[in-house]
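K.L.:
Sequence:
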Amino acid sequence: MGSKFPEKDAIAYTRIAPAAKINWSEIKASGSIPPLTQDLASDRAIIKNPLAREFSFHWSSDGNAVALLRNGEPIAFAVASEKYGHSNAIAKSSQLANAWDERRYKAVFEK
Numbered sequence: 001m002g003s004k005f006p007e008k009d010a011i012a013y014t015r016i017a018p019a020a021k022i023n024w025s026e027i028k029a030s031g032s033i034p035p036l037t038q039d040l041a042s043d044r045a046i047i048k049n050p051l052a053r054e055f056s057f058h059w060s061s062d063g064n065a066v067a068l069l070r071n072g073e074p075i076a077f078a079v080a081s082e083k084y085g086h087s088n089a090i091a092k093s094s095q096l097a098n099a100w101d102e103r104r105y106k107a108v109f110e111k
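Following our numbering, the numbering of the sequence shown begins with 1 at its first residue and continues without gaps.
No false leads were slipped in.
Per label pair, the in silico range of CB-to-CB distance:
id	residue 1	residue 2	range
1	R104	E26	30 to 36 Å
2	F55	K106	18 to 24 Å
3	G72	K111	17 to 23 Å
4	I16	S93	18 to 24 Å
5	I16	E110	29 to 35 Å
Just so you know, the hints here were simulated from the structure itself, not pulled from any lab data.
By construction, the Cβ of each residue, glycine as well, lies at the ideal position given by its N, Cα and C atoms.
Take the sequences, apply the hints, and build the full model.
P.N.:
In structure tokens:
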């Protein structure tokens with residue numbers, strides 16, 4: 001709290017085809033964010049030409065979670081008390097991200 005950096009995040013989409021494999025040594029050396037991989041990506045992962053006007057945010061009533069909406073539909077969300085965010089760009093949960101969980105989304109945002 002109190003910093004200008006995000007407290008939590010969630011993979012929302014990728015503009016490029018998911019990577020076949022991650023070179024963890026290269027990621028660690030560069031400090032960059034790991035790319036989405038083919039084994040984790042869903043069929044909704046790629047958005048090639050996103051436009052700013054397509055996206056908006058929806059905050060939970062308690063302010064501890066936020067969802068990213070594209071054209072009014074949620075595509076990813078993060079909850080402050082959870083280690084990883086949820087995304088419909090993810091086909092299966094892993095050590096890097098959680099797949100979309102509609103029940104959890106409704107529990108957090110439809111109170």
